[in-house]
Every structure is written in structure tokens, then in C-alpha cells.
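The hints should help you fit chain A onto chain U, whose structure is shown.
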Amino acid sequence: MTDQPFSLSRRGIASLALGGAAVALQARSASAQQAAAPASQALVSTEWLAANLRDPKVRIIEVSVNPGLFERGHIPGATNVSWHRDLVETVRRDIASRDQIQNLLRRAGVTEDSTVVLYGDNNNWFAAWGAWVFDIYGVRDVRLLDGGRRKWEAEGRAVSTRPVQPTASNLTLAAAPNLALRARLTDVVPIAQNQAAEVKLLDIRSPDEYSGRIFAPQGFQELAIRAGHIPGAVNVPWGQAVRPDGTFKSVDELRALYAAVGIDGSKPIVVYCRIGERSSHSWFALKRLLGYQNVRQYDGSWTEYGNAVGVPISNPAGTVWGAT
Amino acid sequence: MGWAAAATGVVALAAIWAAVAEDRALVFALVLGAGFGLVLQRSRFCFLCLLRDAVTGGDPRGLLGLLAALAVGTLGYAVVFGAWLPVPLRPGLPPDAHIGPVSWVLVLAGIAFGLGMTLSGSCVSGHLYRLGEGSLRAPVALLGTGIGFVAGLASWPGLYEAGIRDAPVVWLPHHLGYAGSILLTLAVLALLALPLLRRLPAAEAGRTGGLDLGDVLHRVFRARWPAWLGGLAVGAIGTVAYLRTEPLGVTAAIGGWSRQAGAGLGLVPDRLPGLDAFAGCGTAPDAIIGNATFVGAMVAASFVAAGIARQVSFDWPGWRKQGRTLAGGVLLGWGSMTGLGCTVGTLLSGGMAAALSGWVFGLACMATAAVTLRWGWDR
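Those protein sequences? They're chains U and A, same order as listed.
Counting along the first sequence from 1, when you hit position 130 you're at 130 in UniProt numbering, and nothing is skipped either side.
Counting along the second sequence from 1, when you hit position 324 you're at 324 in UniProt numbering, and nothing is skipped either side.
So that you can see chain U by itself, here it is in the shape it has in the complex (with noise of 0.2 angstroms):
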């Protein structure tokens, strides 16, 4: 599994519009399982999705990485969310605030009874974004599609071009935003200087990432300028969470993995990455997957942490910024 963030492309806009006919066909018979249940309270399948896209309390939420995806070809209905404008906020850092996500879902059609399914690019990366993000506001019941994108794609399954307007709902979110699900930098400081040592953090960049021997991904400016990691965290990439399709391992599969690194849910958990993206993707497995009750992700992460002065850090490659 590798790290390439932006590695779909023209093969899989291609299997979108080229996909549909066969389609239809797997469409009508799915439509007999209709009245079936979704496996889990986090995850929906393809085939159930396929079964439920015309339910109105279904709201289908895209969100892709790569621009101009949603627009040639999404699951049909779906409304696009734009990770870097809605789900954000666009000039302080910082997670969209609850009136920006109280619109943005009002004009998605979500009310106090929907079921939002979240579905994107990158495996489900800034899917997983956004169901943390609603998750903090309280919105009642967010899942992702298993598999997201690409596993729409490769069953080429239906897309559609056309734009929806669904009807705008008068949806209130929670005064209080759940913050429980969420580290800032003071929190995580703390716990690298031992003084909370009853925390396990969780970093899920890529081994040479977390070494210390790049400071970031191919690809990326390295907008941090420091390497290593957070003293104390464990690190399993988020890649070991999913099967070659891109589907979320077994509840079973997931325990046993982070329980290999000493995390079992006993404990409060803190997962990172380098800005808050992968690692929502592993927040999800941890948090809605196993259940664990006290699991918190650090979206400043890596592009904060590295760049903050002072603060302790591991860093085995001994990686010097700047040294050529």
C-alpha cells in the first residue's frame, strides 16, 4: 500500500463513464435486498448503496481530492463537498465551523432522520474527513461507503453526470460541538513529555515518514521542518486498515492489528498524521469500527507538530532539515 495521494486519474474517470450498462442490470437485482439492513452502524456497502439510492432519507455526500472527479461521473445524487473550502475553514486553520456545516448539510437535503453516506477518492481519505467533522458537530447517523470510489468504479456500477437539487431541509446541529473527538497541540505536547502517559498515540504516516528519513510523501512540499515523530507514538500506516480493494478490514482483523502496538481501547487514544487526513481515515476503524470509546485525532498532526518550537521529538533517521 502506498502513500501517492493523488494517484487515481484518467483510468478511473474512464471506468466511471464507461461503466454504466452493465450496470443497470446489477442495479435491478440489488433492488431486491432493498428492504436488507446495512451491516454496520459506520459502514455501508456498494451493493446496499445500489439497493438505497433512491431512499430519501439515503443523502449521498462526495468527497473527492481530485477536482473535476464528481463532476464526470458520481454515485447518482450525490452532492459534491469541496475538502479544501467546505469542510474548512478557509483562512484560519481549522475545521469548518457548525454554521458552515449546518448550511452546507441544509443544502445537501440532510435532516434529523437521514442517513448520510460519505464516499470519496484516496480511500475514503477526506470521506473519513468529513465524517469526523460531522461527527463533532453530532449529525445523527454518518457512514461511509466501504470501499468508496474506487470500489464503486471497479464493480462499474452507475454513474451519473447530472446535477441534483435536493429540497433544502431546516436541519439545526447541537449548540455544542463534541470536542471530545478532537487533540489540539496542547493536548499532545503533554503526552510526549511523559506527563500523560496513560495516552497512546497513533501515527499512521508512512514508515519513512515517521523515521524521520523524509519529511514528507513523493510528491509534497515538506511543510514541516522537522522530521521524525511525536516521542512515544506507535505507527501503523493507515494501509494495513484495508484490504487491496480498499474495504475496511474485519472488526477482528482491526482489534488484532492495533492490538499488536499495545492499543486496545483500554487506554485514551490520540491518532496523527501529517495534516489530519489519512489518519481520519484510521480515527474511523478505531473509533466507529472497534468502538473504542475514547479516541481523539490531532488534525494539526505532523504539519503542526514539526513545525512547533520546542516541543520534544523522535527522530531515529536523524534527518537534518535543510542539509543537502
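No lab work stands behind these hints, which were simulated from the structure alone.
Some clues are possibly wrong.
Unchecked claim - What follows is a set of in silico ranges between Cβ atoms, one per label pair, in the way DEER data are often shown:
id: 1; chain 1: U; residue 1: Thr90; chain 2: A; residue 2: Ala7; range: 55 to 61 angstroms
id: 2; chain 1: U; residue 1: Ser250; chain 2: A; residue 2: Gly82; range: 42 to 48 angstroms
id: 3; chain 1: U; residue 1: Val320; chain 2: A; residue 2: Trp316; range: 54 to 60 angstroms
Said to hold, decoys possible - Heads up, incomplete: computed chain A residues facing chain U, CB under 10 angstroms, no partners named:
id: 4; residue: Trp3
id: 5; residue: Val80
id: 6; residue: Gly92
id: 7; residue: Pro95
id: 8; residue: Asp96
id: 9; residue: Arg244
id: 10; residue: Glu246
id: 11; residue: Pro269
id: 12; residue: Arg271
As the structure is a prediction and not an experimental result, all values here were calculated from the model.
C-beta atoms are modelled at their ideal positions from N, C-alpha and C, and glycine is treated no differently.
Frame of chain U, contents of chain A only:
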């Protein structure tokens, strides 16, 4: 010689197909490129030729064909835009569309490109399809284009700071909506067409009786297609290309390779400020394979088309003229890099997309070429 060229083209198309058969998007680029090459060769849709016919030959039909391409593409793009961005007045640009920054750099790029066309004898797409006709100027001009691209990339950081960073990126539907943008574009095209329509040559004597199969085959495979037909086909191909792959352009692969070569030689900086944030040719390094397939198929199809039409000939133009061809090629490369595309990628794909940048580049380029043609700099 004609059949040898046609056979070469067929073999090349088969080879490209074999190389990309696993990838549906690339197979589509192959089909589209072959169609584009066929249309360009059959209708002699070279921007300099179209202009020269009008400026020095008194025949405006070629330019009318170009206007027809823009009109068809404008309507086709609008259909796609309407589905992708139902409300154009909101911020954000349609994905991938060649809508670039408008600055004095773009004007300079257009002037360089126009001069390059006159000196080298064609535009970039024209040189590409003329490879199939055995042109010995085309390879020299394309070599110059690569050199010019490296020069353009090397000058990009300075130009970006001096003129492009704060330049507006103007998409007409942002300001006028789709209806307003279409009406304005068609009105401008009509205004440009009006004086040309007044200078149409006298109609050929009407033909009596029907066409037999031989006549039809002759018209399709041997005779030059009328420019309006080429224009309509280019507009349609442009729309389909945007819908299914990416906007028409012939310099993205050349630009990508030049960028790699230039960086390898230490001539091009590793980081080119702002460049990849724009949509256009040569701005996204990952577009190389798709564009290379498109351009490769286009050249191969021109071999087939020119071969069947028996329009293949090797004429050595002389060293002096080749020197000018090379210099012209360098200007084509520099102009298409700094203008984020050539007469196809910026003028056509930008114009069809209702980008002001397409019009500014196109007018600067065509005006420069017209003036220098009148001065006889092409001879």
C-alpha cells in the same frame, strides 16, 4: 510513397493501441487523437494556412472555419458546463477547463507564437499533422518548440512575479451567466465573420446530376475538405474531448518532456511558482501519457490520411529557411509555455470555454501572424 506513409500510419496506430489497450481512457485518447489528426490533415486546418489564405490569398473561408469551430465548441462546452456547474455565478472554475490568467505576459506569448507561426511556416498542431505529409520543416520546428518550452519554463518564475501572480483569471459566465456568455461569444464571432463573408469567392458552377461512389470517395479521401466542415468537426471533437478526457491541446506532452529534460539539465527550476495551479497545457506533469497518446495518434492518422490522399512529399527547404524554421519553433515553444497552450490549447480550448485568456492569446497571435505574413516574413 503515399501507400508507404499510410501503412506506416496504420502500423503506428496499431502499436499505440497495443501499448494502451489496457487503459480505457487512453484508448479513448487514441480514438480522439486519430480523429483530430484526420480532420486537421483533410481540411488543412493549420492556423497559419487559414490565415494566409485570407491575408495574402483573398480567401476567407479558412478563417470562417475557425470561427465555426469556436461557435460549435462554445455551445458544446456550455452544455457540459451546465451539467457540471449548474450555477456559474458562484466562485470556482469548471474542472480542467483552459481558463488562464490574463496579463501582458499572455499578450507577449501570443505575439511570440504568432511570429513563430510565420517564421516556422505553421502552428504546433499544423507541424504535427504535416509530419504525415513528409514535411522536413516540421521536425525542425518541433525540435525548436521543445527548446522554446525549456526557455519558457526557465523564464516562468520571473514572468510570474512580474505579471502573472496578480493577473485576473476571467471566466465570462462568472460575470454574465451562461446565456450572456454564449450570446456575447456568438455576437463577437458574428462580427468577426461579417467582413469575411463579404469577401467570399464566387461560387463554383453548380453540379448537375448526383454523386457516384467514386465522387464521394474522392471528396472524402483525396480532395481537401471544406474549412467549415473541418471547423464543425474540430468544435465537436473539442467538446467531446472536454467531456470525456481533457480539453484539446497538443503541447502538454511536449511541455512535460521539456520540463523533465530541462530540470535534468539544471535549466528549469524544481519549483515553478503558481504554474500547476492553472489549468492549461504543460501545467500538470501527470497529463503526459494521455496527451502523448492523443498526439501520437494524431500524427499517425495524418500519415494515413496524407498517404491515401497522395499528399506526401519530401522537399528540402534549404538551410537558411530551416534556420528560420528552428527560430520560429523556439518562439512557438516559448509562446505556448508562457501562454499555457498553443492555438489549440489556449485559443480553441480557451475560447470554447468562455475564457478571456483564449481570446487575448488568439487575437495577439493571429494579429501578429497577419501582419508578419503581409510583410512577407514567411518567405
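Cross-check of the supplied hints:
At about 58 angstroms, the CB distance of Thr90/U to Ala7/A agrees with the hint of 55 to 61 angstroms. Distance hint check for Ser250/U and Gly82/A: the Cβ-Cβ separation is about 44 angstroms, which falls inside the suggested range of 42 to 48 angstroms. In this structure the supplied range 54 to 60 angstroms holds for Val320/U paired with Trp316/A, their Cβ-Cβ distance being about 58 angstroms. Violation of the interface hint for Trp3/A is found here, the shortest Cβ-Cβ separation to chain U being roughly 34 angstroms, above the 10 angstroms cut-off.
Proximity of Val80/A to chain U holds as hinted, the smallest CB-CB distance being about 9 angstroms (cut-off 10 angstroms). Hint status for Gly92/A relative to chain U: holds, with the closest Cβ pair at about 8 angstroms, below 10 angstroms. Checking Pro95/A against chain U by beta carbon gives a least distance of about 3 angstroms; that is within 10 angstroms, so the hint holds. Among the interface hints, the one on Asp96/A holds; its C-beta lies about 5 angstroms from the nearest C-beta in chain U, closer than the 10 angstroms criterion.
Of the supplied interface hints, the one on Arg244/A holds, with its beta-carbon coming within about 6 angstroms of a beta-carbon of chain U, less than 10 angstroms. A cut of 10 angstroms between beta carbons decides the hint on Glu246/A: the least distance to chain U is about 8 angstroms, and the hint holds. Of the supplied interface hints, the one on Pro269/A is violated, with its beta-carbon coming no nearer than about 14 angstroms to a beta-carbon of chain U, more than 10 angstroms. Because the beta carbon of Arg271/A sits about 8 angstroms from the nearest beta carbon in chain U, less than 10 angstroms, this interface hint is met.
Violated hints, listed in ascending order, are 4, 11; each of the other numbered hints is respected by the structure.
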